[in-house]
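S.K.: The chain contents come next:
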Amino acid sequence: MNCISCIDYIIIGIMVLSAVFAVEWRDLLAAVVGMAAVSLFASLLFFFLQAPDVAMTEAAIGAALSGAVFIFAIKRTRRFETEEEEKPGWWVRW
Amino acid sequence: MIEISAYYFGAIALIMIGLYAVLVKKNLLKMLVGLSIMETGVNLLLISIGYINGKSAPILSEGVGPKGAVDPIPQALVLTAIVIGVATTAMALSAAIILYEKYGTLNIEEIRRLRG
Amino acid sequence: MVSILKRSLAIITILIIGYWLAVAMSHIPFGQDKMLVGQYYLNHVKDQTGAVNAVTAIVVNYRGFDTLGEVTVLFIASTGVGALLWKRKRERTARVPGSVVLTTGTRFLFPFIVLFGAYIFIHGHLTPGGGFPGGATIATGFLLLYMAFTVYEIPHKGFEVTEGLVGMSYVAVGLIGLLIGSYFLYDWIWQTWHVGTVGKLFSGGFIPIIYILIGLKVGTELSGIIDNMLKEGVSGND
Amino acid sequence: MNGQYASLLIAIPLISAFFVPVIKAASKKAVMPFLVLVTAVQTAAAAWVFNEVYTTGKPIIVMAGKWQPPIGIDLYIGHFAALFVFIVAAVSFLLSIYNFKTIKIEPIDKYAMLFLLLMLGATGMIATGDIFNLFVFMEITSITAYALTAYNKTGEAAEASMKYMILGGIGSSFFLIGIAIIYGSLGTLNMAQIAQLAGSMNATAAQAGLALLIFGLAVEAELFPLNAWAPDAYQAAPHPVTVMFSAFVVKAGLYAAARLLYLMQAVGSWHSVLKLVVIMATLTVIVAEFSALRQRNVKRMIAYSSISQVGFIALALALGTQAGVDAGVFHMVNHAIVKALLFIAVGYVAVELGGDEVENFRGLGRRMPITAFSITIGSLAVIGIPMFNVFWSKLRIILATVDVGYTWAAALVLIASVVEAVYYLRLLHVMWFERSGERITESAALGAIMLLLVAVVIVIGVYPDYVWNLAQKAGADIFNVAQYIKNVPLMGVGA
Chain A
1 MNCISCIDYI IIGIMVLSAV FAVEWRDLLA AVVGMAAVSL FASLLFFFLQ
51 APDVAMTEAA IGAALSGAVF IFAIKRTRRF ETEEEEKPGW WVRW
Chain B
95 MIEISAYYFG AIALIMIGLY AVLVKKNLLK MLVGLSIMET GVNLLLISIG
145 YINGKSAPIL SEGVGPKGAV DPIPQALVLT AIVIGVATTA MALSAAIILY
195 EKYGTLNIEE IRRLRG
Chain Z
211 MVSILKRSLA IITILIIGYW LAVAMSHIPF GQDKMLVGQY YLNHVKDQTG
261 AVNAVTAIVV NYRGFDTLGE VTVLFIASTG VGALLWKRKR ERTARVPGSV
311 VLTTGTRFLF PFIVLFGAYI FIHGHLTPGG GFPGGATIAT GFLLLYMAFT
361 VYEIPHKGFE VTEGLVGMSY VAVGLIGLLI GSYFLYDWIW QTWHVGTVGK
411 LFSGGFIPII YILIGLKVGT ELSGIIDNML KEGVSGND
Chain L
449 MNGQYASLLI AIPLISAFFV PVIKAASKKA VMPFLVLVTA VQTAAAAWVF
499 NEVYTTGKPI IVMAGKWQPP IGIDLYIGHF AALFVFIVAA VSFLLSIYNF
549 KTIKIEPIDK YAMLFLLLML GATGMIATGD IFNLFVFMEI TSITAYALTA
599 YNKTGEAAEA SMKYMILGGI GSSFFLIGIA IIYGSLGTLN MAQIAQLAGS
649 MNATAAQAGL ALLIFGLAVE AELFPLNAWA PDAYQAAPHP VTVMFSAFVV
699 KAGLYAAARL LYLMQAVGSW HSVLKLVVIM ATLTVIVAEF SALRQRNVKR
749 MIAYSSISQV GFIALALALG TQAGVDAGVF HMVNHAIVKA LLFIAVGYVA
799 VELGGDEVEN FRGLGRRMPI TAFSITIGSL AVIGIPMFNV FWSKLRIILA
849 TVDVGYTWAA ALVLIASVVE AVYYLRLLHV MWFERSGERI TESAALGAIM
899 LLLVAVVIVI GVYPDYVWNL AQKAGADIFN VAQYIKNVPL MGVGA
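Sequence lines, in order, name chains A, B, Z and L.
Per my numbering, residue 1 is the first one in the first sequence, and the count goes up by one each step.
Per my numbering, residue 95 is the first one in the second sequence, and the count goes up by one each step.
Per my numbering, residue 211 is the first one in the third sequence, and the count goes up by one each step.
Per my numbering, residue 449 is the first one in the fourth sequence, and the count goes up by one each step.
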């Protein structure tokens with residue numbers, strides 16, 4: 001088996017799930033929290049993978065600070081996604 | 095069927111979810127959340143490449159010899175990549191704030207329409 | 211209808227990319243020893259750099275050039291955010307003051323947070339951590355101050371000048387290496403004098419010095435970014 | 449002097465950029481003159497390095513921290529890097545004078561820092577010899593470029609910058625995945641060692657890794673599917689920044705892509721990646737030329753033309769032959785000069801006449817004769833009229849393309865060139881044969897810069913041999929990987 005202590009399967013599952021939620025939630029604040037959760041679970045995985053330096057940095061910078069910066073941006077803009085998407089991304093067209 | 099480890103699977107899944115958000119979503123902040131998730135996925139991929147079964151962290155203090163540690167290079171790379179990711183995110187968010195101040199929306203279709 | 215079509219098209223593209231990545235990754239076995247250069251670092255890190263933490267030694271010493279670039283990236287981000295959100299007159303717009311718990315807690319905790327951050331970056335060559343998480347911790351302290359007090363602002367002038375001076379000292383440390391050892395970013399402290407014993411605080415050549423500089427720089431820059439994001443232009447001016 | 453002093457090329461802009469806040473605290477007026485001083489010093493340093501490399505014929509290997517590659521990071525300043533570092537520095541020097549006229553929006557001190565760091569990023573991308581370090585410099589370049597694109601703080605600028613950021617973010621993630629795959633297979637990050645070991649890599653993994661690296665760089669190099677940001681960014685960015693984009697930021701991306709492409713030539717699936725790049729490049733040329741045809745904004749039109757020329761270069765670099773690479777490098781040099789000239793002149797017109805729409809150019813021949821003359825020469829050169837520099841490189845690219853057997857690509861590219869002639873001649877017609885407005889006194893310094901560039905264009909056009917020789921040496925530097933490996937003093941680790 002490839003798993004290290006087998007708890008990692010569960011954490012990977014939760015991490016992917018929070019990523020899906022982060023992308024699908026309409027409330028941007030919730031989405032940012034989901035993103036921070038992905039970062040936190042990833043930092044836990046880094047710890048399992050014997051990378052404590054990276055785990056610390058990811059927790060401090062990836063989860064906490066970038067989450068904070070996102071929240072400030074939401075505070076200065078708006079909190080909810082608006083309408084349904086219809087066309088492909090706008091870089092596809094010239 | 096190809097067989098890959100759970101960590102690779104998780105990392106690739108994060109990359110794909112992030113890419114999906116960037117390609118499909120219309121809200122700028124949502125796209126940036128996607129980019130951020132993608133970056134986390136890439137970092138996880140790099141770290142799991144450096145992992146070696148049964149070896150411990152590359153801090154050679156007590157009881158860990160040069161033969162008993164995992165590969166330190168990917169960890170150093172990811173340290174750099176995380177900081178770069180946060181820098182990009184901060185830049186992108188301030189551009190988003192300007193866009194919102196000018197157009198009053200974060201929806202890219204709306205912005206396009208308002209710009210004419 | 212069209213939306214579903216486009217969305218499924220995007221999903222199919224992404225699945226193809228994902229499959230392709232998975233195929234490529236399946237040729238890189240997980241959990242096996244594939245080290246080439248990495249093993250060299252592990253074997254020689256103690257006597258060549260005097261640091262115990264191999265990751266730190268790589269980040270600061272072996273691949274110091276990357277780190278210089280990384281510090282620059284953060285500097286660019288702080289400068290860029292400042293340039294984009296620049297307004298002639300700006301002030302904070304927070305209306306709700308922090309609760310009693312938050313304000314007293316912040317007053318009490320702030321020095322300890324800064325101290326802890328400093329501890330993290332000073333011990334970077336011995337324990338996990340280093341300049342980046344340490345600096346981020348310090349920035350978190352300032353973030354707390356911002357949240358607790360509606361009128362608090364960092365001393366901008368001082369922070370900007372510190373940023374600049376600290377960055378210059380980093381390059382200057384590298385240039386001293388160029389002068390002494392005739393190589394840019396040469397570890398002139400450890401390689402010429404072997405100061406200190408491996409595993410103690412006083413060791414690691416220029417790693418502690420650089421990590422202190424990085425910690426200060428990261429702390430001031432991230433606080434600057436937070437400050438810029440939180441302040442809005444006063445209406446009437448542009 | 450010791451070759452290690454070439455590291456000053458990185459150290460000078462960096463320490464000066466960090467010094468700007470200190471200067472600003474003393475006096476805000478001093479920032480712009482400081483920029484001129486720094487770029488002048490940088491140009492001198494680059495000229496010294498150029499002279500050193502071309503007289504000794506040996507590349508300078510800068511080893512950071514006295515660590516021999518692959519342990520440490522090395523800067524490989526070979527014939528190509530020496531040539532282009534010099535071009536980067538010289539163009540920046542001209543632009544630092546141009547800045548006085550064109551940059552009026554606050555905060556100028558931050559602009560100065562970003563300007564220096566963009567120059568630093570391009571220099572680093574060209575000089576580095578380590579793929580992760582390449583990533584770091586690529587991020588320095590692109591994050592500075594994002595900030596500078598949005599610098600005018602208009603809605604268009606912010607949108608262009610946002611587009612750039614999102615594509616750039618995808619690109620940099622792909623690049624990092626590419627690094628992960630290559631590192632996972634080979635265990636090293638040094639370019640020379642990668643080239644040495646590339647043959648032992650699994651073909652599928654190598655194909656994926658290389659394609660991801662190229663895709664990541666394609667954002668910077670403006671290749672077709674990933675270049676949608678470019679026209680918007682070129683149009684919205686401050687004028688000096690547009691010049692920098694087209695004169696060397698793109699070139700840095702292209703060079704890095706070409707370098708990685710040729711380093712990996714030992715892998716089994718190499719030709720499929722090469723073919724992919726050829727297709728991307730041809731599409732870039734065609735799409736850009738036809739989009740340029742319907743533009744009313746001159747700056748945007750020239751931006752499209754610039755993209756199509758970049759496609760030309762990419763096509764030449766991806767042919768996989770010595771002749772193609774030489775021609776590509778030659779075209780890079782010519783394109784840098786011509787597009788610097790065109791964008792400087794157009795930006796100057798926009799500053800003086802309040803806009804860069806076609807209407808503003810009506811009767812320019814009488815209103816601003818020197819500028820109009822420069823635009824004319826630049827346009828004729830880009831179209832590929834003989835006796836101007838671009839003619840020679842275009843000719844060589846097409847010959848090389850036919851030589852390899854991509855006749856279809858050569859034909860398509862020729863058609864695109866005809867289209868290019870149409871819209872440039874249309875611009876010239878507006879400038880010279882319509883009349884409006886009265887004469888404006890032109891700035892002497894800018895006139896001198898433009899006339900200098902015009903002179904360079906004509907001199908290279910009449911005597912192409914000197915630059916062609918340089919381009920051949922520089923091309924050999926990219927193409928001859930065995931020599932590259934031999935030049936880097938690799939330490940025997942593992943391999």
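Don't read these hints as lab results, they were simulated from the structure.
Among the hints, erroneous ones may be present.
As the list claims (entries may be wrong) - Each computed PhoX-like pair below joins lysine-lysine, with the alpha-carbon atoms no more than 20 Å apart:
id	chain 1	residue 1	chain 2	residue 2
1	Z	K367	Z	K299
2	B	K196	A	K75
3	Z	K441	A	K75
4	L	K601	Z	K441
5	L	K477	Z	K367
6	Z	K297	Z	K410
7	Z	K441	Z	K299
8	Z	K441	B	K196
9	L	K552	L	K506
10	Z	K256	B	K161
11	Z	K441	Z	K297
12	L	K506	L	K921
13	Z	K299	L	K601
14	L	K601	L	K549
15	Z	K299	L	K476
16	L	K601	L	K514
17	L	K552	Z	K299
The structure presented is a predicted model; accordingly, all values stated were derived computationally and were not measured.
S.K.: So, for every hint listed, does it hold in this structure?
M.R.: Here is what the structure says about each hint:
Pair hint K367 (chain Z) plus K299 (chain Z) holds up; C-alpha atoms about 15 Å apart against a cutoff of 20 Å. A hinted pair counts as satisfied when its Cα atoms are at most 20 Å apart, and K196 (chain B) with K75 (chain A) qualifies at roughly 16 Å. Taking the CA atoms of K441 (chain Z) and K75 (chain A), the gap is near 11 Å; set against the 20 Å cutoff, the hint holds. Distance hint between K601 (chain L) and K441 (chain Z) is fulfilled; the C-alpha atoms sit about 17 Å from each other, no more than 20 Å.
With a C-alpha separation of about 17 Å, the suggested pair K477 (chain L) and K367 (chain Z) falls inside the 20 Å cut-off, and the hint holds. Under the criterion of a C-alpha separation no larger than 20 Å, the hint pairing K297 (chain Z) with K410 (chain Z) is inconsistent with the structure, at around 48 Å. Restraint check for K441 (chain Z) and K299 (chain Z): satisfied, since their Cα atoms lie roughly 10 Å apart, inside the 20 Å limit. At roughly 17 Å between alpha-carbon atoms, K441 (chain Z) and K196 (chain B) fall within 20 Å of each other, so this suggested pair holds.
For the hint linking K552 (chain L) to K506 (chain L), the alpha-carbon distance of about 44 Å lies beyond 20 Å, and the restraint is violated. With a C-alpha separation of about 14 Å, the suggested pairing of K256 (chain Z) with K161 (chain B) holds against the 20 Å cut-off. With a C-alpha separation of about 10 Å, the suggested pairing of K441 (chain Z) with K297 (chain Z) holds against the 20 Å cut-off. At roughly 11 Å between alpha-carbon atoms, K506 (chain L) and K921 (chain L) fall within 20 Å of each other, so this suggested pair holds.
Our distance criterion of 20 Å between C-alpha atoms is met by K299 (chain Z) and K601 (chain L), whose separation comes to about 16 Å. Distance check on the hinted pair: K601 (chain L) and K549 (chain L) sit about 19 Å apart at the alpha-carbon level, within 20 Å; holds. Our distance criterion of 20 Å between C-alpha atoms is met by K299 (chain Z) and K476 (chain L), whose separation comes to about 17 Å. With a CA separation close to 44 Å, the supplied pair K601 (chain L) and K514 (chain L) exceeds the 20 Å bound.
Restraint check: the Cα-Cα separation between K552 (chain L) and K299 (chain Z) comes to about 18 Å, which is no more than 20 Å; the hinted pair holds.
Violation of the numbered hints given earlier is confined to hints 6, 9, 16; the remaining hints are satisfied by the structure.
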